[in-house]
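Residue numbers (the UniProt record's numbering), protein chains in the order written: chain A, 1 to 366; chain B, 1 to 334.
No wet-lab data here; the hints were simulated from the structure. Don't take every hint at face value.
[What the hints assert, rightly or not] Derived pair list, reagent style DMTMM-like, types lysine to aspartate or glutamate, alpha-carbon separation capped at 25 Å:
| # | chain 1 | residue 1 | chain 2 | residue 2 |
| --- | --- | --- | --- | --- |
| 1 | B | K81 | A | D197 |
| 2 | A | K343 | A | E135 |
| 3 | A | K200 | B | E76 |
| 4 | A | K343 | A | E5 |
| 5 | A | K343 | B | D68 |
| 6 | B | K313 | A | E345 |
[Claimed, not checked] Ranges between beta-carbon positions, derived for each pair:
| # | chain 1 | residue 1 | chain 2 | residue 2 | range |
| --- | --- | --- | --- | --- | --- |
| 7 | A | G191 | B | P268 | 26 to 36 Å |
| 8 | A | G191 | B | L122 | 49 to 59 Å |
| 9 | A | D232 | B | V56 | 54 to 64 Å |
By construction, the Cβ of each residue, glycine as well, lies at the ideal position given by its N, Cα and C atoms.
Here is what each chain is made of, one letter per residue.
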Amino acid sequence: MIRTEEMILNVGPQHPSTHGVFRLVVKIDGEIITEAKPVIGYLHRGTEKLAEDLQYTQIIPYTDRMDYLSSMTNNYILCHAVETMMGIEVPERADFLRVIAMELNRVASHLVAWGTYILDLGATSPFIYAFRDREMIINMLNELSGARLTFNYMRVGGVKWDAPEGWIEKVRDFVPYMRGQLKGFHDLVSGNEIFLDRVKGIGRYTKEDAINYSLSGPNLRCTGVKWDLRKDEPYSIYNRFEFDVPTSEEGDCLARYHLRLAEIEQSLNILEQAVAQFPGEGPILAKVPKIIKAPKGEAFVRIESPRGEIGCYIASDGKKEPYRLKFRRPSFYNLQILPKLLKGENIANMIAILGAIDIVLGEVDG
Amino acid sequence: MIEELLQSSPGWANFGIFFLLGAVLLLIVLGFVTYGILAERKVLGYMQLRHGPNQVGGKWGLLQTVADVLKLLLKEDIIPKAADKPLFIIAPAIAFAPSFMVLATMPFTDKFQFADIGVGLLYYIAVSGLTVFGMVLGGWASNNKYALLGGMRAAAQMISYEIPLVMSVLGVILLTGSLNLNEIVTHQEHGWFILLQPIGFIVFFIASIAELNRTPFDLPESENELVAGYHVEYSGFRWAFFMLAEYVYLFAMSALITVVFLGGWLAPFGFLDFIPGAVWFALKFSVVVFIYIWLRATLPRFRADRLMEFGWKVLLPIALANIFLTALLKSLFF
Numbered sequence: 001m002i003r004t005e006e007m008i009l010n011v012g013p014q015h016p017s018t019h020g021v022f023r024l025v026v027k028i029d030g031e032i033i034t035e036a037k038p039v040i041g042y043l044h045r046g047t048e049k050l051a052e053d054l055q056y057t058q059i060i061p062y063t064d065r066m067d068y069l070s071s072m073t074n075n076y077i078l079c080h081a082v083e084t085m086m087g088i089e090v091p092e093r094a095d096f097l098r099v100i101a102m103e104l105n106r107v108a109s110h111l112v113a114w115g116t117y118i119l120d121l122g123a124t125s126p127f128i129y130a131f132r133d134r135e136m137i138i139n140m141l142n143e144l145s146g147a148r149l150t151f152n153y154m155r156v157g158g159v160k161w162d163a164p165e166g167w168i169e170k171v172r173d174f175v176p177y178m179r180g181q182l183k184g185f186h187d188l189v190s191g192n193e194i195f196l197d198r199v200k201g202i203g204r205y206t207k208e209d210a211i212n213y214s215l216s217g218p219n220l221r222c223t224g225v226k227w228d229l230r231k232d233e234p235y236s237i238y239n240r241f242e243f244d245v246p247t248s249e250e251g252d253c254l255a256r257y258h259l260r261l262a263e264i265e266q267s268l269n270i271l272e273q274a275v276a277q278f279p280g281e282g283p284i285l286a287k288v289p290k291i292i293k294a295p296k297g298e299a300f301v302r303i304e305s306p307r308g309e310i311g312c313y314i315a316s317d318g319k320k321e322p323y324r325l326k327f328r329r330p331s332f333y334n335l336q337i338l339p340k341l342l343k344g345e346n347i348a349n350m351i352a353i354l355g356a357i358d359i360v361l362g363e364v365d366g
Numbered sequence: 001m002i003e004e005l006l007q008s009s010p011g012w013a014n015f016g017i018f019f020l021l022g023a024v025l026l027l028i029v030l031g032f033v034t035y036g037i038l039a040e041r042k043v044l045g046y047m048q049l050r051h052g053p054n055q056v057g058g059k060w061g062l063l064q065t066v067a068d069v070l071k072l073l074l075k076e077d078i079i080p081k082a083a084d085k086p087l088f089i090i091a092p093a094i095a096f097a098p099s100f101m102v103l104a105t106m107p108f109t110d111k112f113q114f115a116d117i118g119v120g121l122l123y124y125i126a127v128s129g130l131t132v133f134g135m136v137l138g139g140w141a142s143n144n145k146y147a148l149l150g151g152m153r154a155a156a157q158m159i160s161y162e163i164p165l166v167m168s169v170l171g172v173i174l175l176t177g178s179l180n181l182n183e184i185v186t187h188q189e190h191g192w193f194i195l196l197q198p199i200g201f202i203v204f205f206i207a208s209i210a211e212l213n214r215t216p217f218d219l220p221e222s223e224n225e226l227v228a229g230y231h232v233e234y235s236g237f238r239w240a241f242f243m244l245a246e247y248v249y250l251f252a253m254s255a256l257i258t259v260v261f262l263g264g265w266l267a268p269f270g271f272l273d274f275i276p277g278a279v280w281f282a283l284k285f286s287v288v289v290f291i292y293i294w295l296r297a298t299l300p301r302f303r304a305d306r307l308m309e310f311g312w313k314v315l316l317p318i319a320l321a322n323i324f325l326t327a328l329l330k331s332l333f334f
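Next up, chain A with everything else stripped away, as it sits in the complex (with noise of 0.2 Å):
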């Protein structure tokens, strides 16, 4: 007699496709998966709790290593946290140059999410391609920062360093290179038939799902819903640029896949009108006092990095170290979606839903 039996499965926390240490346990019969359960924190670090005993300029390190892709928005979030607290005006040229920064990071985060996605489903070549374009971002931000991934360059009331001779300029270069780059993406991978096949209709949810699952970013947009900090909640000076907020209707894999790219574009168009606008001269870096120390009180901040909405919470009771810290991460909120997902589907299907939702364990972990 034949006897079928569920089989449970430990994808990771060693596994090529989990994009770091996470582990999902899923019960499969067949190939087809009954019921997974997501097990984090392998990559835990306790930065909220450890941020209590640093002062705030110490902590900015810490946010580098959240969501490693896009350190530069973590570094933002958190000075931005303590400027609201503070009152501090920051400089117009330090603005200029974080969002300056912070862009090309999205770009940069963007075309690891498309490069790996691809290669999460068998090709190997377009993620080379998206590494060598990322290359030149990490090596412009290199040039500003003196670091390739963990920037550590804002500080509360402006940025640490000056832009280098040139860099303006190759800036500027680099938005029309891209943009070709781009056609040239869409050529290689949006048209392929088996492409098409792994991603459309896959992993689709309803506006109502993302909203009460508390998803952000392109995960939330896929649905429908046209929300993006940086035009809704305008900080920075985001206020001074158009560009658009792509959504789709969707709400599948290739909805997600399609929208990052469009967020590229708009990155680029941001990046081409503050390139445009960059002040001559300029402090780089507010008047703020040697020491700093957040008054009593509390604050929460909101902006948009690649991956959501990332926020922060502060509260103090008026010394060097904040009395607690916690990150609203996107990532965290976004994965949490995975299980509704993954019901029913196969094990192909588990990599295409899992690499779509760009989750980086850094951030997830805390």
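Fit chain B to the given chain A structure using the hints.
Just chain B, lined up with the frame of chain A:
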């Protein structure tokens, strides 16, 4: 020459000659595997903005594969505790032996062929089908869940794609009226079968990629889902045997496509006859291998269930229609 030797009475002389010829073929095949792997890595490298191997053996990395094989042979032989030991040991050999057996019937030139048997094509397909046993056994014996899934996928895929593979080549057999590979080549003097059987060729080529387990049909060992599929627990020279089988099949399948569809050792035009057949064979063969590598650099991977659908619902009906069409045309015009 070989025909005469086969007819002659057995003795040390023809034993020696056969042994020598076998050794020559072995060296050719192993040479291909060594440099086929290097070519694949080089071509993939240049397509992916890398250099590929460039340290061992000069700037072309000519000794890279040799060094890799040496490393694999010297590695510790690991057999997992929970594995089914006899099956685990025998599986690589089962996967690997048929890959050399199929080469016996391959006519590389009009003179260089070991066994000119009447049903050469059938022999090739039948024997190459045995390899899947090695994969399933390897996946099962490893006692690893990923390996098991990979082995099951291998079985499903190989069986499903063998059918369109055979069906697509039936058109060629209808036109030649023979399963003998020599006769198939000599029939192509006035036109290669890639021109006479374009549909058959396309189906055959797609099915052959699936048979070879290469991208976009590399599901049994899909790295991103099943880590390494059926050979996830294998290491050292046992793993090398699986890889060797894979590349010998690449050699054999490219040779078969050259023979069946690209006119074997024949020159494309009559006036180019002065160039020896072996050169033509090598040229056509290299083009086929290059296309396999090219596809690997370009395409993403199929999904397991879509792969099955594609084989049964698309390739098989097309192959059957091709047989019908060929039969119709043949009875009307020939």
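Exercise. Would you pick out the hints that fail for this structure and give their numbers low to high?
Key: 1, 2, 3, 5, 8
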